[in-house]
Each structure stands twice: as C-alpha cells, then as structure tokens.
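> Chain by chain, the residues run as shown.
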Amino acid sequence: MGSTSQFLFILEALVFLPIVLIHLTKKNTNAVWLYLIQSAAVSSLLLISSFDKISFLLLVSLGSTILVKIFVAPWFFFRLIKRHHLKFSASTQLNTPITLFVIAAILYLNQTVLSGAFATFSSSDPNLLLISSAGIFISLFILINRRGVLSQMLGILSLENCIVTFAIFAGLEQNPGLQFGIIFDILIWIIIANVFASMIYNHFGSLDVTEMKKLTE
Amino acid sequence: MLSFLNSSGVILIILSLFSIGAVGALILQKNNNLANWWGNGFAIIGSLVSGLFAANILASSQTLAYKISTSFPGLGLSFNIDRLSAFFILIISLITFVCSVYALGYVKHYYRKYNIGTLGFFYNTFIAGLLLVVMASNALFFLIAWEIMSLTSYFLVVYENINEQNVKAGTLYFIMTHVGTAFIILAFFLLYNTTGSLEFEAMKNGASALSPLLKNIIFVCALIGFGTKAGIIPLHIWLPSAHPAAPSHVSAIMSGVMIKTGIYMFIRMFFDILPNAPLWWGICILIVGSVSSLLGVLYALAEHDLKKLLAYHSIENIGIILLGLGSSLVFLSAGLKTFAMIGLIAALFHTLNHAIFKALLFLGAGSIISQTHTRNIEEYGGLIKLMPATALFFLVGSMAISALPPLNGFFSEWLTFQSLFSGATSFGTLTKLVFVLSAGALAFTGGLAAACFVKAFGVTFLARPRSDEAKHAKESDLSLQIGMGVLAALTLVIGVSAGNVSNMLSGVAGSVHGLAGSEIINIANSNTVHVNNEFAVLSMPALLAILLAALLITYILVKILSGKQKITVGRTWDCGTDLTPRMEITATGFSRSIITVFKNVLKPTRQNEIEYDDANLRYFPKSNSIHLELHDVYQSFFYKPLKNLLIKISDQMRKIQSGNMNAYILYIFIALMGLLLIVAK
Amino acid sequence: MYSFIPWLLQLLFIPAFAPLCIGLTRKIKAKFQNRQGASIWQPYLDLWKLFHKDEIISEDASWVFRFAPYLVFGVTLAIGASLPLLSTLTRLPTGDFLGIVYLIALGTFFLALSGVDTGGGFGGFGGSREMLVSSLTEGGLILSLFTLALIAKSTNLFSISAVMLAVPSFAIIPAVLAFISFCISMLAESSRYPFDNPATHLELTMIHEAMILEYSGKRLALMEWAAANKYLIFISLAVNLFYPAGLATTLGLGSLLIAFGALTIKVAVLCAGVATLESSIAKLRIFRLPDLLFTSFIISLIAISIIA
Amino acid sequence: MSNLFSKIFSVPKVLVDVESSAGQGNFNEVGEKITSQVKKLFNGSLAIRSVTAGSTNACEQELVALGNAYYDVERFGVHFVASPRHADMHIVSGPVSRNMREALVRTYEATPTPKIIVALGDDAIDGGIFKGSYATLDGVDKVIPVNYQIPGDPPSPQKILEALLAILNDLQLKNKTSK
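Here the protein sequences line up with chains Y, R, S and X, keeping their order.
Numbering of the first sequence is given in our numbering, commencing with residue 1 and proceeding in unit increments.
Numbering of the second sequence is given in our numbering, commencing with residue 218 and proceeding in unit increments.
Numbering of the third sequence is given in our numbering, commencing with residue 899 and proceeding in unit increments.
Numbering of the fourth sequence is given in our numbering, commencing with residue 1207 and proceeding in unit increments.
Below are the BS3-like pairs computed for lysine-lysine, each with C-alpha atoms no more than 30 Å apart in a straight line: (1) Lys602(R) - Lys781(R); (2) Lys776(R) - Lys947(S); (3) Lys284(R) - Lys432(R); (4) Lys947(S) - Lys1380(X); (5) Lys1181(S) - Lys816(R); (6) Lys860(R) - Lys385(R); (7) Lys1164(S) - Lys927(S); (8) Lys1246(X) - Lys781(R); (9) Lys284(R) - Lys421(R); (10) Lys688(R) - Lys839(R); (11) Lys1321(X) - Lys947(S); (12) Lys1321(X) - Lys776(R); (13) Lys1213(X) - Lys1181(S); (14) Lys1321(X) - Lys1239(X); (15) Lys927(S) - Lys1213(X); (16) Lys947(S) - Lys1239(X); (17) Lys1321(X) - Lys783(R); (18) Lys1164(S) - Lys1213(X); (19) Lys947(S) - Lys1382(X); (20) Lys1213(X) - Lys929(S); (21) Lys1382(X) - Lys776(R); (22) Lys1245(X) - Lys776(R); (23) Lys1245(X) - Lys927(S); (24) Lys1245(X) - Lys929(S); (25) Lys1246(X) - Lys947(S); (26) Lys947(S) - Lys783(R); (27) Lys857(R) - Lys385(R); (28) Lys1239(X) - Lys929(S); (29) Lys385(R) - Lys325(R); (30) Lys783(R) - Lys1246(X); (31) Lys1245(X) - Lys947(S); (32) Lys776(R) - Lys1246(X); (33) Lys1382(X) - Lys783(R); (34) Lys1382(X) - Lys1246(X).
Distance ranges between label pairs, derived from CB positions: (35) Ala419(R) - Leu94(Y): 54 to 62 Å; (36) Leu834(R) - Ser1362(X): 53 to 61 Å; (37) Thr1103(S) - Thr794(R): 13 to 21 Å; (38) Tyr829(R) - Lys929(S): 56 to 64 Å; (39) Glu1315(X) - Tyr829(R): 38 to 46 Å.
Everything labelled a hint here was simulated from the structure, so no lab data went into it.
Keep in mind it's a predicted model, so treat the numbers as computed, not measured.
For each residue, glycine too, the CB sits at the ideal point set by N, CA and C.
Please work from the sequences and hints to get the whole structure.
So this is what it looks like as structure tokens:
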C-alpha cells in the first residue's frame, strides 16, 4: 500500500503545483498547458480510485472525462488564444511576491485550521486531504488575482479538479451517473465561456476584467 | 344550538364564510351588483355568526382553546379565545356587521369606476385577518394574521387609485406598518429566546425567567411595534393620510377596530404575558396617552378635510384609552388590584365606545362625501336641510365623541377620570403629578374635542350651502341610514346601560393573567356605578331621566308663559347688508383662534400670494390668496433626520459595489474562510 | 308628607332667584357708575315681556336653532336641581361634579351650535370664541373641584359641602387656592367681565351675546334666563362648596329657613364682589384669556400637590 | 383702586342745582310717569334700538346722554339693545341716505311685532337741513312706516323724555280705543 500512497502523493503534487504555477505564468498558453497536466493527473487519480469496482459504464464515463478534460478544453482555449492572439495577458491584481505571500498565508491557515477537521475521514491519509483543500483555496484565489478572463476560466476548472481530488481522497465513491453529469456540465460550460469571452473581447476590445467597470454606471 | 356555538367548529365556519365571500366576490367581479351583494352579504352573515359566538363566550365566561398542528416547525394554528379576545371579537363583528349593511348602498357609487370584486375580496380577507389577529395564540400564527390584516388594508387604502394622494398614502402606510411589524417580530423573538416556545400560553409561564433588562427591551419594542398600529403620537403620521384614503366603510372599520388590535396586543403583552410590570411602564404609557390625546385633538382642530379630522380624533381617543391602560398598569405594578381593575375597565369601555361612535362618524362622513364628492369641509354647509337623517346621526356621533352626558362617550371618560383620580390619591408626589397632569390633559382634550365637533358639525350641516355641490346633495339611501341609525341608537343604549356593560367588562378585565387574583367586583348594581368604595357614584339612567324631566318642565313652562305668540320666518339679521354664503364662519376661521393660542405647539405657517394685473408696477392686485397650514413638526424633526441618516449609511455601504468582478470573488473567499474558521474551531 | 317641599325648593331656587342675582349685580355696577340704574326686579320684567312677544326665526335656521334654547335652559334646570343649595340631604344621583361639568359642556355645545346655525357672521365667531373659552376653562374647573373632592374623599357635591362645613385644618390653603381658580373659571363660564362684556352693543367684542343675537321672543327669554341660571349656579357652587356655613343638615323647617337666609346673604356678597370686579378692571383682549385660564389651571394644580 | 371707589362715593350726584337751570323742567316727574306707563304697556321693560340712517350723530349724542348718570333712563325701565330682534321700539335718526335705505328696510323687517318706529330729529322727519339733496331720501317715513316723530335738531334729552312720555300716553289711548 506504501507505493500506492506515495504514488498518490506524486499525483496530488501534480494537481497542486500547476495551480501555483498558473498564478505565476505570464503566458496564457503555459497556463493552458498547466491545466492540461493537472487534468491528466486528476483523471489518473480517478482511474486508480475506481480500480476495484471497474464496470463498463464507469470506464466509459472515465474515458469521456479524459477526453473532455485533456483534449476538448485545451483545444478550445488554444483556439481562443489564436483567434484573439492574446498570448500575453498575464496581468494580476497583486504583483508576484505578494501573490506568493498570500498563497503561503492560505497554506498556513489551511494547515492550522483544518488539520484536526479531516481526522474523521477514514479512507486515506489526512494530509492528502489537506493538500487538496489547500488546492481548492488557492485556485479560488486565482479567480481573485488574475485579471484575464481566460485565466479566470482556468481558475474555475482547476477549482473543479481540486474538488474532484478532494472527493476521491475523502472516499466518496464514484458512480458513473455522477461522472457523466460532471463532465457534461463542464463541456457545456467551456463552450459557453468561450463564446462569452469572444463576445467580451469584441465589445470591450480586451479580455481584461477591470475594463468592465463601466457596467455599473 | 347554544352548545354548538362555542365549540371550536364555529371558528372554522366563520373563517370559511369570509373566505367564500372573498373568493365569490372575485369570481363575480364582472357583474357589479352581484359582486357587491355577495361580498357584503357574506360579510354580514360572517360577522353575525362571530358576534353570536363572542357573545356566547362572554356569557358563559369560559375560554376556548383549539389547535391545528401544521408540519411547519413552530407554527401551530392555535386559537385561544378567552374573554378578552371574545370582547374584541364582539367589537369587530358589531362594527363589521353595521359597515357591511352600510356598504351595500355605499359601494353603488363605485360601480363603473372601480372593480367591485376586488373590493369584496380584500374587504372579506381584511375582516378575516382582524378576527384571526384577535384569536391567534401562537406568535408565528399571530404574525401571519397581522400581515394579512396589514396587506389587505394596504390594498383597500389604495383602492381608489385614480387619486394620486391615495397611492402615496398607501406606500407611507405600508412602510410604517412594516416598521412596526419589525419591532413586533423583535419582541416575539426575544420572548421566544428565553421561554423557548412560540405559544402565548407557554410564553406566559416562561416569562418570569426574563431578565429585567430583556423585559424592558421587549416592552419598548412592543410599545413601538403596536404603537405604530395604534397610532400613538410620534408614530402616527400614516394614520391621517391612510384612513381617509380608504372607502368610507373601510376607513370606519380601520379607524374603529383595526387600531384597537394595537390596544388588544398592549393588554395581551403587558397584562397577560409579561409578569409584574415595573412602575415606569405605566408612567410611560400615561405620558404617551396624554400627549397623544392633546396633540391629536389639536391637529384635528387645524384640519379641514373631514375624514382627516376624524382620523386625528382616532389618535386622540387612542390617547384616552392609553390613559386608562397606563393608570391600571401603574396600579398593577404597585399591587393595587382593585384600582387596576377600574383603569382596565375604563380602557376597555372606551375602546368599545370609540369603535361605535368613530364608525358612526366615518359612515356619516362617507355619505356626505358620496353626495358632495369632496372631502373639504369649507365646501359643505346647510346639509341639515338636505340630509336630515345623516345630520341627526352625525350630531349624535359628535355629542358622543365630545363626551356629552346622556351618551356613552361621557361614561367612559368619566370612568377614565375616576381611575386617574384614584391614582392621584394613592401615590407619592412624582407619580401623583403625572396622574394629575394626565387628568388635566383629559379635561382639556374633552373641551377641545367639543370645540372641534362644534366646528365640524356646524360648518358641515348648519347655515347655508357654500358650494353648488352642497346645494344638490340628496339624503343618502336606506341601507346607509340603517347602518348609521343602528350605531346612533347603540351610543344611547350603551350610554344608559353603562352599569351592566361595566359589570360585563369587569369580568373581561378579571380574566387577564395580571389581574387574575382580584375578586370580580361588579362595580355597578342596578346601573348605578360605585367606584372605589363610594369615592364617586354615578347613575346614567338617572342622569337621562333628570335631563328629560328638565326638558319637559321647560316645555310646559314655555307653553304656559307664551302659548299664543306666533312665529314668522324672516331674513337672518346681518346689520342690513346682503348675506352671501361667504360671510358664514368657515372651519379655518372657527379654529384659527384656538390654533393661535397653541401656536408654539402647532407652529401654524401663513403664506399669501398676490397675483397682479400689471406684473411690473404691481399696483393692481388681481387676486390675493392665503394658505394657512401647519408646519409638520414630525417630518422636520424626526422623520427627515432619520431619512438623511439612513441615506448617509447606505452611501457608505454602496462603496463595496465597486464594479470589479475580482473584488466580489474576494468577498466570497473571505466569507468562506471566515465560515471555516468558525466551524472548524 | 311635607318631604317634597325641600325637593321643590331645591328645584325652584335657581330659576327663581337667578334674574334677581343678575338684577342685583347690574344695580351695584350702576351704583359704581354713580347712577341709580334699573331696579333689581328689572330682569324679571324683561323676561316676562319677552315671553309675550312674537318671534322671528331666520329662514336658514334648522331645528337645532329652535330646539337649542329648550335644551340649554333644561340643562341649567337639571344642574340647579342637583346642587347642595339648602341642605346636604336632598341628594340627586347626578350630584357628581364631573357630571355637572359635562352637563354645562352639553349646554355650551348646543349654545355654540345655535350661534353657528343662522349663518350670520356674528353667531359664527361668537360660537368659536365661546368654545375657545369654555374648552380652556374645563381644565381649571375640573381640577379645582377635584381638590375639594380630595379633601372630602368623595366627588359628590353634597358630601363635599357636608365635609367642608367643618374644614379640616390641613385643607385650608388648598381650599383657598381652589376657590381662586374656581372663581376664574366661574367668570369665564358665565361670560362675566374679564372674559366678555355682557352689556356691550359692539358685536365684535361679544362672546355670549353674539350667539343669541338671532333669538327673539320666548326663545330669547329662555336663553337670557339660562345665562342667568348659569351665573347663579356658579355663584352658589362657589359659595356652598367653599363656605357652606349655614347649610341645613336636617330637613326641619327652621334649619331650612336659616339655610335660605345664609345662602341669600352669601350670594349677595359674591354678586357684589363680581360687580366690584367688573367696575374696576377692563375687559381682557381675547388672546390674553388663555393665559388667565392656564393660571387658574396651574393654581388648582398647586392646590392638589399641597394636599397630603 | 380704593381711592377710585372713595372718589365715586364722595362726589355728590348733582353739581349744578337742577331747579336753578332755566327752562329745565324737573325730568324726574317725567321719569316716574314714564315708569308707570312702561309698566302698564310693556310689562315694565321697554327695549329701544337706535338706528343711525345717515345722521349727523347729533341725535345719537343726545340718546347716549339719556343713558348717562344724570338722566339714567334705565331706572324708568327703558334699556337700549344691540339687535333689532330684541327691540320693541326703533328710534331712527338722520335723513336716510341712499345707501342706508336697504339696511333700514331690513332692520324694520327683522323686528318682531308689536314694534314702534320713532323718527328722532328734524332730519329724520323731513330731511331737515339736507332736504332735497340728491344723496338723501328726505325723511324716514319715505322708507318705513313711522309711528311718532320727535322734532328738534337735536332735541335735548329732556325733550326726548317728554316726547317718549307723550308717545306712551298716546299708545295707552290707542290700546283703550282698540279694546
């Protein structure tokens, strides 16, 4: 069981690190690639966790998850970047040192506050859960920090991934119906978000969220 | 049949009668006449049944508890009708019965202008709401009933929506009632917090565990909450604009009965639920009562819109009721149970009297307005020759409200005086001063009310018509007269049989939790009322008999002395000039001297505009008009600063709406972290 | 068998002697103006003549105008019958002082209405001023009578006069203060000098007279008589409540005669007092009256707070 | 206040001796006769109302003088009233100017019967010094029926009292003949 738990740690790191890196990347394409890595890790985690009660339906659902998360989403994003050639949109609210500081603060908070809380979950080892919950908070912080609409979309998707990892580690068993629902949901969401992003772009001339302030008057 | 009457089934029958009336009126709204007859017909039957039900409960003097449990947590539809609520049900059904009979004829003049079906619907639900408010004994159920009552009365206030004023009055009324309801909810919440249950019965037992500070806070919240509905002085601004806006038979019910639900809940809260009230509660209610009564009658004097005048008089009479209530609360806190009984009987009696003569006056005003199509007294005049019956009933109403002897208004003010006097005899210097000043305030209020109604009756009915609208007024038709006639007769009947009525009321007052201990002293035998061991004795029938005897003697004396002199009808003597209606005394003229006496209280403003033919030279004025208004003290000193404060606060809060999406997500994030911190600890 | 005599005396005293009281006051005022003045029986002659004259009623007047004199006079009769005039035993259930005050208010209510009814200019503002004065007097009136009720532990006028026969020592100062405030209210209610000039011809200054300008014949007589009754009611109240010396406590003929003599003397003294007051001060401006009436209210307030 | 009252009661009623002033018949006997006549005819109370119809106020001064301390007509049972409704007798003075015509008619109609109209002073009788002027109607009888006239411009209070006595005697004769 030792090797598997160690392997799980690696995968968990693969899920966690891209979030931090999305914060720091200047280029959108890197961000998309990071998301691709993260979703690959998550799908493999899914495969591992549902290893024992494999059923045909489950396999199909996992396949579709992999398909959507790894191929469809990045394809859409790259198309968006190409069409509006917005390679460099990595503007953030806070400059990088402060962002790192905030991420550290969140980690620390997560560590102190939630340490006792996860003892009740019987299935896996608690600090896995800790990391995934930290991942949730930091991906939420992406939404706050990044100005570009594309990076905010990535933030939301990585948030979804972290929640899935948290669910897996918390031992919530997967059933195909749930999987299908999630994936279908994400697919639709990606399509709409892209259409929406291009509309914003046409209207405001850039994907920077702060330009939209004129809405309130 | 009688045993059936006080079973719990009757409550459902009453409510179903009103709901059938309401829904039926909606369905039949196409045909005006049918909708009118259906709506008011069911209201009449419903009020008859509820009247009998209440009378039966009062006669057999037992309480009826009945509970329908619902799946909703905390909300048990529990009815608890003890003698106090039965008394209020009796008032409600009496006034509703008369107003519905009146409405059969009165609503005709709405026929082509407004939708009668909606009027019938809201009218019936309004009465059902009133009855539920008085029957409910679960806080949540009570609040639902309170809300039904407030909302339906809001729709009735804005019923005549062509006139812009009504809609504005409606919104003001809407806001003020809900400010009041907020305070009521706060009070009930605090009670629920300590007693742990929403049932009034459980609250009653658990209330002794209340800490004094909490009890005082509940008192203040209840005072403000129910005070807004009752219309005490600082919170009264909605009443003079909302009551006149409603159709007359509805404003009769609103003014006669709806504001009494505030009084009912005062009694329920301060006597029934909150145990051993401290002294300052009673003193505070006494002060509020005397201020309300004095200022109410002063504003009524300055008013020349007939229905607004009557609305201000409702505030005055609520003040008088509060005087009775306040004095009995002071006695309760001092442990003098018999004096407290007198005070409470005086308050209940004046509630009954005020409901009767205020409804009578509003119905009278309604029939005048339906003939002259204006509410401004200055355009009436000489209506006594055109509408003799309405004039007689309005005169009886005005005599009753200015507490003139043979009628019922006199007896309840006499009893309030007795409770104030017994307060002045049995307390230390400070409390005694408050009692004596309240007695002074009541005396002045009685005098000024008489002055106001000489103005109202004199300018409306006597002398010559001042506008051609008033010239063509015709007597209102039968159902209106029956409505007013019944009430006028009631003022005399209750006035004369005041002794028996106060005995019944002492039974009602005794049923209240605070006064349960004191033995039911019937303060009157064979209609002579003996108050606090022979301090004061009065017998109303004897008073009436002596008055009639004196009138008879006068008549005979005049017949003997000048039997054969003839009477000729000539012109009014006016120093020889030709008398135009404009030379008659106007309402503003009549009350202007009294307003100038109280000018630093009322702050009259005076503004005249002169229109010139030659604008630049200004030698030849074409017209000179003068506006005599009252500076609205409450708007400028209480409500405007409050509004500015609220605006300032909300400006600060608007800053968080920066329009930046990231900021909003940041707020979510912070909230999430905060929540986690609390939960995880 | 003769038990009804004191009741008859009680009923007839006020209407019988009121015009005499007015005549006496006018006589003393005339004497002050160094003229002989009409005889004290002149008011009787006036009333008698007016009863035998025809009447003119304005066409705008309604039944309120025609009925008001009967009610106003009837009210004064009813009040006269329930006052402690000759003895403290002939009690009527309406002897309560609040009943008396509000019966007077009933009379004033209809008097003011009859003024407004004919639609002339004078009746209207007469009514308005009458209501101004009478509404502001009620405070002082009720509280001064209440001081007496506090002293006598009962609101019934008869028991008050019975107790005041032997004035308890602690009650002297409050009784005097109450008497002052009662006198102010008396002058206001019976529209005597500082409030209203009864013998004025200038309509603008009238309060009481303005309301009865329209009356003639028997109705005018009733109104004049009622005004006289009201004047005597207040004087006999002032006299018998505050200084009831001589009031008969038994129904014997002797004691009734003594009581009758004592009452007439006291009434004559007070009438002289009122006449002297009327000859020595000027009539107050209408907007000075509320200050006077509020002082009467405050004086009675002080009287009440002094009592234990 | 006390010195006011002491002065009132110390000053004698009459400073000038009544008998010595020439031609002034003692009006007290006239007064007694008037009192007895008033008692017979008007039950002891005669209400007079003075109406000014464009008068030069001379006659008014004399009427006012009737009410002063010296003549003091009240003791004879005669008193002046404010409203025509209360009056038995109207004493009209002045030549009735054009504007007062309507008012005088209204006053006449407003007085309950039996009523007596007396024209006081020459102006009221036939216009006096204003006779023929465009502004006046030359005398009260042109407007309302006049029962008696008191000549003089203006007649002294003494003359008015004597005329009043003559009026009352005449009224008594009329009552005897009509009965």
